[in-house]
Structures are given as structure tokens and as C-alpha cells.
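Novice: Model the full assembly from the supplied sequences, consistent with the hints where possible.
Listed below are the residues making up each chain.
Number of protein chains: 2
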Amino acid sequence: MYTYKSSENRLTELHYLLDKKRPNELSQLLRRTNPVDIVEFIEELSAEEALVVFRLLKKDDAVEVFAELEPEEKEKLQAGLQEREFKELLEDLNFDDMIDTLEEMPAAMVQRILKSSDKETRALVNEYLNFPEDSAGRLMTTEFVELKPYMTVKDALAHIKKVGHDMVTLYTCYVTSPTKEILGYVSLRSIVTNKPDTLIDDLMFQDVIYVHTIDDQEDVARTFQKYGFTALPVVDKTDRLVGLITVDDIMWIIEQEATEDFQRIAATTPDEEDYSKRTPLSLAKNRIPWLMFLMISATFTSTILKNYQHVVQAVIALNMFVPMLTDSGGNAGSQASTLVIRAMATHDVEPRDWVKVVIKEITVGFICGLALGLVAFLKCYFFDKVAMNVALIVGLTIVFIVVLAKAVGSLLPMAAQKLGFDPAIMASPLISTIVDSLSLIVYFTIAQIIIPGI
Amino acid sequence: MYTYKSSENRLTELHYLLDKKRPNELSQLLRRTNPVDIVEFIEELSAEEALVVFRLLKKDDAVEVFAELEPEEKEKLQAGLQEREFKELLEDLNFDDMIDTLEEMPAAMVQRILKSSDKETRALVNEYLNFPEDSAGRLMTTEFVELKPYMTVKDALAHIKKVGHDMVTLYTCYVTSPTKEILGYVSLRSIVTNKPDTLIDDLMFQDVIYVHTIDDQEDVARTFQKYGFTALPVVDKTDRLVGLITVDDIMWIIEQEATEDFQRIAATTPDEEDYSKRTPLSLAKNRIPWLMFLMISATFTSTILKNYQHVVQAVIALNMFVPMLTDSGGNAGSQASTLVIRAMATHDVEPRDWVKVVIKEITVGFICGLALGLVAFLKCYFFDKVAMNVALIVGLTIVFIVVLAKAVGSLLPMAAQKLGFDPAIMASPLISTIVDSLSLIVYFTIAQIIIPGI
Numbered sequence: 001m002y003t004y005k006s007s008e009n010r011l012t013e014l015h016y017l018l019d020k021k022r023p024n025e026l027s028q029l030l031r032r033t034n035p036v037d038i039v040e041f042i043e044e045l046s047a048e049e050a051l052v053v054f055r056l057l058k059k060d061d062a063v064e065v066f067a068e069l070e071p072e073e074k075e076k077l078q079a080g081l082q083e084r085e086f087k088e089l090l091e092d093l094n095f096d097d098m099i100d101t102l103e104e105m106p107a108a109m110v111q112r113i114l115k116s117s118d119k120e121t122r123a124l125v126n127e128y129l130n131f132p133e134d135s136a137g138r139l140m141t142t143e144f145v146e147l148k149p150y151m152t153v154k155d156a157l158a159h160i161k162k163v164g165h166d167m168v169t170l171y172t173c174y175v176t177s178p179t180k181e182i183l184g185y186v187s188l189r190s191i192v193t194n195k196p197d198t199l200i201d202d203l204m205f206q207d208v209i210y211v212h213t214i215d216d217q218e219d220v221a222r223t224f225q226k227y228g229f230t231a232l233p234v235v236d237k238t239d240r241l242v243g244l245i246t247v248d249d250i251m252w253i254i255e256q257e258a259t260e261d262f263q264r265i266a267a268t269t270p271d272e273e274d275y276s277k278r279t280p281l282s283l284a285k286n287r288i289p290w291l292m293f294l295m296i297s298a299t300f301t302s303t304i305l306k307n308y309q310h311v312v313q314a315v316i317a318l319n320m321f322v323p324m325l326t327d328s329g330g331n332a333g334s335q336a337s338t339l340v341i342r343a344m345a346t347h348d349v350e351p352r353d354w355v356k357v358v359i360k361e362i363t364v365g366f367i368c369g370l371a372l373g374l375v376a377f378l379k380c381y382f383f384d385k386v387a388m389n390v391a392l393i394v395g396l397t398i399v400f401i402v403v404l405a406k407a408v409g410s411l412l413p414m415a416a417q418k419l420g421f422d423p424a425i426m427a428s429p430l431i432s433t434i435v436d437s438l439s440l441i442v443y444f445t446i447a448q449i450i451i452p453g454i
Numbered sequence: 001m002y003t004y005k006s007s008e009n010r011l012t013e014l015h016y017l018l019d020k021k022r023p024n025e026l027s028q029l030l031r032r033t034n035p036v037d038i039v040e041f042i043e044e045l046s047a048e049e050a051l052v053v054f055r056l057l058k059k060d061d062a063v064e065v066f067a068e069l070e071p072e073e074k075e076k077l078q079a080g081l082q083e084r085e086f087k088e089l090l091e092d093l094n095f096d097d098m099i100d101t102l103e104e105m106p107a108a109m110v111q112r113i114l115k116s117s118d119k120e121t122r123a124l125v126n127e128y129l130n131f132p133e134d135s136a137g138r139l140m141t142t143e144f145v146e147l148k149p150y151m152t153v154k155d156a157l158a159h160i161k162k163v164g165h166d167m168v169t170l171y172t173c174y175v176t177s178p179t180k181e182i183l184g185y186v187s188l189r190s191i192v193t194n195k196p197d198t199l200i201d202d203l204m205f206q207d208v209i210y211v212h213t214i215d216d217q218e219d220v221a222r223t224f225q226k227y228g229f230t231a232l233p234v235v236d237k238t239d240r241l242v243g244l245i246t247v248d249d250i251m252w253i254i255e256q257e258a259t260e261d262f263q264r265i266a267a268t269t270p271d272e273e274d275y276s277k278r279t280p281l282s283l284a285k286n287r288i289p290w291l292m293f294l295m296i297s298a299t300f301t302s303t304i305l306k307n308y309q310h311v312v313q314a315v316i317a318l319n320m321f322v323p324m325l326t327d328s329g330g331n332a333g334s335q336a337s338t339l340v341i342r343a344m345a346t347h348d349v350e351p352r353d354w355v356k357v358v359i360k361e362i363t364v365g366f367i368c369g370l371a372l373g374l375v376a377f378l379k380c381y382f383f384d385k386v387a388m389n390v391a392l393i394v395g396l397t398i399v400f401i402v403v404l405a406k407a408v409g410s411l412l413p414m415a416a417q418k419l420g421f422d423p424a425i426m427a428s429p430l431i432s433t434i435v436d437s438l439s440l441i442v443y444f445t446i447a448q449i450i451i452p453g454i
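Keeping their order, the protein sequence lines are chains L and E.
So the first sequence is residues 1 to 454, counted in the UniProt record's numbering.
So the second sequence is residues 1 to 454, counted in the UniProt record's numbering.
Calculated directly from the structure, the hints in this document are not laboratory data.
Just to be clear, a hint being listed does not mean it is correct.
As the list claims (entries may be wrong) - Quick list of in silico lysine-lysine cross-link-like pairs, DSS-like style, CA-CA up to 27 Å:
#1 L:226 with E:74
#2 L:154 with E:195
#3 E:59 with L:195
#4 L:356 with E:285
#5 E:226 with L:226
#6 L:306 with E:379
#7 E:162 with E:195
#8 E:58 with L:226
#9 L:285 with E:356
#10 L:161 with L:59
#11 E:162 with L:154
Unchecked claim - What the simulated footprint calls covered on chain L by chain E, stretch by stretch (three residues with Cβ under 8 Å from a Cβ of chain E suffice, anywhere in the stretch; the number is not a length):
#12 273 to 283
#13 298 to 308
#14 331 to 343
#15 427 to 438
Even for Gly, the Cβ is constructed at its ideal location relative to N, Cα and C.
Specialist: Now the structure itself:
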């Protein structure tokens with residue numbers, strides 16, 4: 001695994017120096033430690049210790065560490081800091097991190113802090129907080145390098161050297177018009193590998209790929225993946241450049257969106273909080289509505305069974321295979337639905353492809369169904385030693401159920417998407433419940449055809 | 001959505017110019033189009049058209065476009081290119097892209113191409129192909145900037161200007177000893193913002209986080225996410241720097257790993273190929289083994305039902321609720337298993353936390369079970385109008401089943417992980433099958449207690 005002489009050892013060393021009260025050596029070691037690991041260290045400490053360590057950090061590291069801390073850890077630190085100290089820290093944060101921190105704080109304190117900020121910052125903060133949650137506007141930062149087309153490589157390098165320190169990235173610089181429209185972009189790579197007197201105008205790539213402030217973060221992540229960029233510019237409604245999103249903020253989104261889909265597929269209400277941090281009550285709250293809904297829906301199977309009670313009583317052997325049949329239908333259905341849901345999430349399949357997908361799934365269902373039906377027939381007849389006609393009913397039912405389950409399992413997620421719902425709600429549990437009822441009807445209908453008069 | 005005056009329009013424009021046979025304008029427009037979109041364009045063309053367009057590209061774009069093409073498109077192009085042309089193209093590819101291309105080609109052709117390559121390249125290719133699939137060694141590229149500690153900022157910039165063109169990234173440069181050990185890394189950011197006579201030795205960060213050639217790509221992705229890097233160095237067994245992995249290759253892995261888990265959760269064998277590109281036969285092949293295994297396992301329920309046949313025949317009303325009960329158990333179990341599987345995949349939960357997780361899930365199960373049991377009792381008694389004792393049996397059974405399902409659903413994925421299997425195989429379908437059998441036993445046992453003598 002990754003190491004720098006092992007991340008774990010580093011933490012042990014830091015704890016040791018803190019316990020032994022050796023601030024100079026601790027400060028030295030902190031300087032050589034990645035801020036991500038410092039965050040891990042601080043989160044293991046008491047409020048007092050955390051404050052001691054935090055004050056030993058050099059300014060840049062302190063800012064980066066603070067930005068990465070969990071909300072409750074931020075609060076812990078903030079309680080110990082002077083208000084002036086805290087305000088300075090806030091001002092040094094990147095704009096997006098400052099907003100995150102403000103959002104987590106009590107409203108009264110935010111008001112107090114903003115009151116003493118300059119007018120420009122206040123306006124910007126308010127604008128920011130107006131962007132929809134999970135939008136590009138909320139993700140972006142406002143610290144980026146702006147160049148002008150008439151600059152030379154030498155001018156650009158001098159400008160970057162001057163303003164570079166406060167910028168989130170220097171590696172993609174945007175070239176703007178006097179009215180802030182994007183004219184193009186130029187990479188630091190092409191700046192440093194070209195002659196000093198080359199014009200930025202000649203180096204810049206004009207066809208900029210950008211996102212809008214109101215675009216959903218999932219679409220933003222997709223644009224990053226498609227083009228492999230490390231940064232994307234964000235424009236407002238009037239197409240003026242207002243911010244920048246960097247790839248490190250995006251990697252979490254790809255993972256978070258997948259986690260949300262996993263939660264929906266498991267028939268629970270999605271929740272951004274980590275599983276390990278949630279209480280049983282909060283977990284139960286997200287699960288009960290779905291379990292209840294599915295249980296009530298499943299009682300439909302009771303009605304069907306009641307209607308066919310005379311069939312079960314006539315041939316009691318048929319009853320034995322009910323759970324196996326409904327399970328197989330459910331499994332075949334969830335294979336189809338989960339794969340289609342994932343294919344839509346990664347934009348491999350779109351709802352307009354529905355005819356193609358359903359035909360494909362029915363074909364798959366037919367192949368799977370034949371294989372399963374044959375084995376089920378042989379197993380029932382030779383192993384369970386039921387009558388030939390019962391074995392035949394079970395085998396035939398499997399074929400029909402699997403085909404039906406694949407069709408339903410692929411169709412419903414696409415229908416949900418088309419109707420503007422999240423397709424992931426059409427996952428295994430709901431598909432199983434629907435397929436169960438269909439399976440029972442198919443089973444008893446086939447039984448009545450093969451054994452007439454029951 | 002993202003645009004550069006809309007990606008779709010650009011494609012339409014390119015098609016138009018190609019159809020109207022206006023190579024000069026086409027070539028102009030291609031120069032202003034992102035290679036990712038050129039790939040999309042070429043993949044819509046016939047072999048002859050693709051070759052025409054490909055030859056219109058400027059060299060850098062041609063190399064980038066070729067690297068991004070699907071294997072079958074590469075083959076199409078390659079068939080039209082002269083062998084000399086193709087060899088030149090191969091040599092211009094980044095090393096990791098060259099390897100990808102060679103891997104997709106028939107062995108005989110690879111041999112022929114390698115025969116005419118220099119000895120060094122041949123050795124490198126063979127070494128590369130020896131790394132395990134999905135390892136850091138396979139992902140890395142060998143084109144990175146190496147600096148020496150005694151260089152000044154001015155020297156470094158001159159060196160970067162000289163070699164920069166062939167490098168995958170210039171933004172992280174590695175400082176190495178004469179024996180190729182990593183001494184530290186320095187960002188281009190810190191090079192361009194510091195004075196010309198500063199020593200690289202004073203700028204470099206010494207505690208380098210790196211991965212080994214044999215590390216799994218999933219671990220590599222996790223390191224990228226944890227530290228937010230855009231590049232990570234790769235070292236060999238003797239800790240010498242041998243390559244570099246960039247973040248754009250990693251974003252796909254995060255997504256691909258999630259997709260594999262979705263496939264396992266759906267009880268199908270994982271497959272890297274996109275759903276839309278797979279044939280029904282290939283899909284069926286990955287699904288049948290699991291469906292068959294689950295169907296055979298589910299026949300265990302038949303045995304249980306057979307054993308309790310006398311109970312069913314004594315109180316036929318009990319039979320009606322079997323599918324509803326097994327479904328509810330399955331759903332409760334898959335909620336637990338899917339959430340635990342995901343939490344382990346994102347390293348939020350580790351197998352060593354199993355006691356904590358199981359206790360949490362049992363508590364959740366108890367809360368959910370009570371809510372569901374109460375509703376089930378009321379529904380059976382007032383709505384289905386069954387006898388009070390039958391309603392009581394159903395309600396009580398639900399409570400027990402949900403608790404049991406949560407325990408099994410959380411425990412089994414962690415046990416699988418502990419035993420070295422992928423926890424995702426312990427997903428909904430398998431959990432449902434196990435919980436089904438347990439549910440039936442619980443149901444009929446409670447029935448025998450509440451209605452003695454059946």
C-alpha cells in the first residue's frame with residue numbers, strides 16, 4: 001500500500017512527541033507531514049490538545065487542515081480560538097471552503113462575522129448561498145488565474161508569480177475579455193514550454209469547455225470524466241467567468257453518487273452521512289418507510305394465494321415450490337434492474353434505448369430461463385420425486401417467470417427515469433415484490449392448464 | 001449542461017464539412033475541437049472516412065485521439081495505415097497507451113513491431129506486461145520529469161522547457177538520487193512562484209507518498225482520493241522511481257470499481273464491458289451460474305415447507321402469508337447487507353468493527369421490526385379478517401425475522417471480507433435465500449407455540 005515510511009508510523013510518532021511535550025520537534029515533524037494526515041491526527045485529540053497542535057502548524061498548513069476537518073472538529077477548534085484569529089483564518093480559506101465553514105456555523109455567528117467583512121465579500125457569500133445545493137455554483141472557488149490575450153509568456157509568468165500564492169490552481173489559466181467573458185484557456189504547461197515573447201493569444205485554446213453555476217454536480221463530474229480535465233471553468237447566466245472547479249472536489253462526488261444509488265437499490269432513503277456515524281434510530285427512519293411500503297405491497301400475494309387456495313389444496317405438492325419460484329423470479333428481475341440502473345447512471349444506456357434494452361433482456365431471460373427450467377424440472381422429478389406433471393409445471397413456470405422478470409426489471413427503471421424519478425428506486429426489492437405476484441399467477445395458471453379440473 | 005457552443009453542434013458541423021468534402025475547413029475546425037470530441041466523431045465514421053479525418057489531424061491530436069479510441073476503431077484505422085506510419089504513431093504514444101494498444105493487437109503483429117524497436121523499449125514492454133492486471137504497474141506511464149536537488153529554479157525551468165513536450169504531466173516533478181530513489185517532489189506551482197536562484201533542494205517536499213508497481217488499482221484510487229493529488233509516483237520493489245500515475249486514469253477506476261460492486265450485488269459475474277456493448281449470450285453467461293446456484297439453494301425452502309406441511313394443512317390461513325413474510329425478511333436483509341458492503345468498499349467500516357456493526361443492525365432491526373409487526377398484525381386482523389391468533393403469529397414473526405435478517409445481512413458480508421472473498425457476493429439475492437429458510441422455520445415454530453397441538 002501507499003506509504004511515506006507508513007502513514008500509521010507517522011501518527012504514532014506525532015502522538016509520542018505530543019505526549020512527551022516536545023513542541024519544537026512536534027512542529028518540525030508536522031512541517032514534513034501531509035495535511036491530510038495532520039487532519040487524521042487532530043481528529044484523534046481532545047479539544048485542548050487539538051488547539052495546541054493547530055497553533056504549531058505553519059499558516060498554509062493550518063488553513064488547509066482547517067478546511068479538511070469534520071464540522072464538529074471545526075467547532076471544537078473554533079471555540080478555543082480568539083474571534084480575531086478565527087476571522088483571519090476564515091479569510092485565508094479558499095472561497096469554497098469558507099462557504100462550507102460558514103454553512104456549518106450557527107446563523108447568529110455567521111451574521112456577526114459577515115458584519116465585520118467588507119461589502120464585496122458579503123455580496124459574494126450571499127450570491128454563493130443562493131446557488132442550489134449540489135450545483136456547480138456551490139462547488140466552485142473564485143480564486144483562479146485570469147490572463148489577457150495581449151500578455152506575453154513573460155508577462156503571464158510574472159503575473160502568475162505575483163498572484164499565484166492565493167490561487168487554487170495555476171495549471172489552467174483562463175483568458176478573459178474586459179467584460180469577463182472567457183476567450184480561451186492556456187495551460188501552465190504550454191506557458192513554461194514556450195518562448196518568453198510568445199503571445200498568450202497564440203497559445204490559448206479557444207474552444208473552452210465550461211459548466212454553468214446551476215448545473216448539477218453529477219453532470220459536472222461527468223464532464224470531468226469525459227474530457228479528463230483537472231479543472232473546469234464555471235460561467236454565470238450571462239456567460240461571464242465566475243469560478244473554477246478542480247478535480248479533487250469531483251472525485252468524492254463520483255463516489256458519493258454511487259453510494260446514493262447503492263442506498264436506493266437497498267430500498268433505503270439515501271443519506272450523505274457515513275454509515276459508521278449514523279445512529280440506529282436514524283438508520284431505521286430511512287428504512288421503515290420502504291420496508292412498510294414493500295410489506296403492504298407484498299400482501300397482494302396473500303390475496304392471490306387465497307384465490308388459488310383450491311388449487312393448493314387439490315395438489316398440495318405445488319405449495320412446496322412457491323418460495324423457490326418467487327425467489328428465482330426476484331433474482332432474475334434484480335439482475336436486470338440493477339444492471340440497467342447502473343448503465344443509466346453511467347450514461348451507457350439512455351431511456352430512449354428502451355426497446356433495444358427490453359428486447360435484449362427478454363432474449364437473456366429466455367436463455368437463462370431455459371437453463372434454469374430444465375434443471376428445476378430434473379431436480380423436482382428425480383430428486384424431490386414429485387409427479388411428472390408437477391415437475392413439468394415447475395420447470396415451465398421458471399421459463400416464463402425469468403423472461404417476465406427480465407422484462408419488468410429492465411422496463412421499470414427506464415420508465416422511472418423517463419417520468420423524472422430516480423431509476424434506482426425501481427431496484428431489487430420493488431421488482432421482487434412485483435415479480436412475486438406475477439410469478440404466482442403464472443404458476444397457478446400453468447398448473448390449471450396442465451392438470452385440468454383443479 | 002457543459003458546452004462549447006454545444007458538443008452536439010460541433011459534431012454536426014464536422015459531419016457537414018466531411019460530407020461536403022471541404023478538407024481545409026474540416027482540418028481548421030478539427031484543430032479547435034477537443035480530442036475527446038474528435039474520438040466521438042471518428043467512431044461514427046466508416047473506415048475510409050475515419051482514415052481521411054485521422055490524416056487531417058495535427059500530430060499531437062492524432063496521438064491523443066488514437067490513444068482514446070475503442071480497440072475495434074484502432075484496428076480499423078491501423079488496417080489503413082502504412083506499417084511505418086503506424087510504428088511512428090505507436091512511438092509517439094504515452095507509454096501506458098502504447099502498452100494498451102499492443103495488448104489489444106494480435107500477438108504476431110506485436111512481435112513484428114517489437115522486433116524493429118530498440119532493445120530498451122522491448123525490455124520495458126516486457127517488464128510492463130509482467131505486472132499483474134489491475135496493478136499500479138499497468139496504469140503507470142514512464143514519462144515524468146526528473147529533477148536533481150542541486151538544480152536551481154532557473155535550471156529546472158530550462159530542463160522542463162527542454163523535455164516537457166513528451167511528458168504526461170509537468171505539474172509534479174520528482175527529485176531523484178543518482179540511483180533513482182525518490183528524494184522528494186516539487187510542484188511546478190512552487191517552481192514558477194519562487195526566485196530563479198532558489199535550490200530545488202529547498203523547495204522540495206521530502207515525505208513523498210507513493211505506490212508500488214504491484215499495488216491494486218483500487219488502493220491507488222483510494223490514495224488519490226485521500227490526499228487529493230493529481231499525480232502519484234510509482235516505485236519498484238527496490239524503491240526506485242519507475243513511473244507515474246495521473247488522476248485522469250483514476251476517475252474511471254473509481255467508477256469501474258463501483259460498477260463491479262453493482263454487478264456483484266445483482267448476483268451476476270462482474271464484467272468490464274459496457275452493458276450496451278454486450279450480447280444477450282454474454283450477459284446470460286454471467287447470470288446463469290448465480291441464478292442456478294440461488295435456485296438450488298432456494299429449494300431448501302421446499303424441504304422446510306414439506307416438513308411443516310401438517311401445520312399448513314391444519315391452519316390453511318397461515319399459508320397465505322408465506323410470500324409476504326419471506327419478502328419482508330429479504331428486504332430487511334438486503335438493506336443491511338448492501339449498506340455494509342458499500343461502507344466496507346469506501347473503507348468507512350472494516351471487518352474488525354463487526355461486533356459494533358452487528359449490534360447496531362440488531363437495534364435497527366428491532367425498531368423496524370416493531371413498526372412492521374404492529375402494522376402487519378393490524379392489517380391481518382382488521383383487513384384480511386383472519387383469526388386473532390393467526391394475526392398474532394404473523395405480527396410476531398415479522399419482528400423476529402427483521403431482527404434476524406439485519407443480523408445475517410450485516411454479518412455475512414463482513415465474514416466474506418475477513419475470509420478474503422469479495423463482500424459484494426453476500427448481497428441481496430444470497431441473503432434473501434438464506435433469510436427465506438430462516439423465516440419459514442421461525443414462522444412455523446411460533447405458530448406451533450401459539451396454537452398448540454398443530
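Novice: Next step is simple, just say for each hint if it's right about the structure.
Specialist: Structure-based check of all given hints:
Of the supplied pair hints, the one linking residue 226 (chain L) and residue 74 (chain E) holds, its CA atoms being roughly 19 Å apart against a limit of 27 Å. At most 27 Å may separate the alpha-carbon atoms for a hinted pair to count; residue 154 (chain L) and residue 195 (chain E) meet this at roughly 14 Å. With a C-alpha separation of about 21 Å, the suggested pair residue 59 (chain E) and residue 195 (chain L) falls inside the 27 Å cut-off, and the hint holds. A threshold of 27 Å between alpha carbons decides the hint, and for residue 356 (chain L) with residue 285 (chain E) the separation of about 19 Å falls inside it, so the pair holds.
Restraint check for residue 226 (chain E) and residue 226 (chain L): the C-alpha separation of about 22 Å stays at or below 27 Å, so the hint holds. With a C-alpha separation of about 16 Å, the suggested pair residue 306 (chain L) and residue 379 (chain E) falls inside the 27 Å cut-off, and the hint holds. This hinted pair checks out: residue 162 (chain E) and residue 195 (chain E) have alpha carbons roughly 20 Å apart, not beyond 27 Å. For a cut-off of 27 Å, the pair hint linking residue 58 (chain E) to residue 226 (chain L) stands: about 21 Å separates their Cα positions.
Simply put, residue 285 (chain L) and residue 356 (chain E) have alpha-carbon atoms about 19 Å apart, close enough for the 27 Å limit, and the pair holds. For the hint linking residue 161 (chain L) to residue 59 (chain L), the alpha-carbon distance of about 19 Å falls within 27 Å, and the restraint holds. Restraint check for residue 162 (chain E) and residue 154 (chain L): satisfied, since their Cα atoms lie roughly 17 Å apart, inside the 27 Å limit. Interface restraint, the segment 273 to 283 of chain L with chain E: holds (6 residues with C-beta to C-beta distance below 8 Å; minimum three).
Under a criterion of three residues with beta carbons nearer than 8 Å to beta carbons of chain E, the stated coverage of the segment 298 to 308 of chain L is upheld, 6 such residues being counted. Under the rule that three or more residues need a Cβ within less than 8 Å of chain E, the assignment of the segment 331 to 343 of chain L holds, with 11 such residues. Restraint check on the segment 427 to 438 of chain L versus chain E: 5 residues with Cβ-Cβ distances below 8 Å, three needed, restraint holds.
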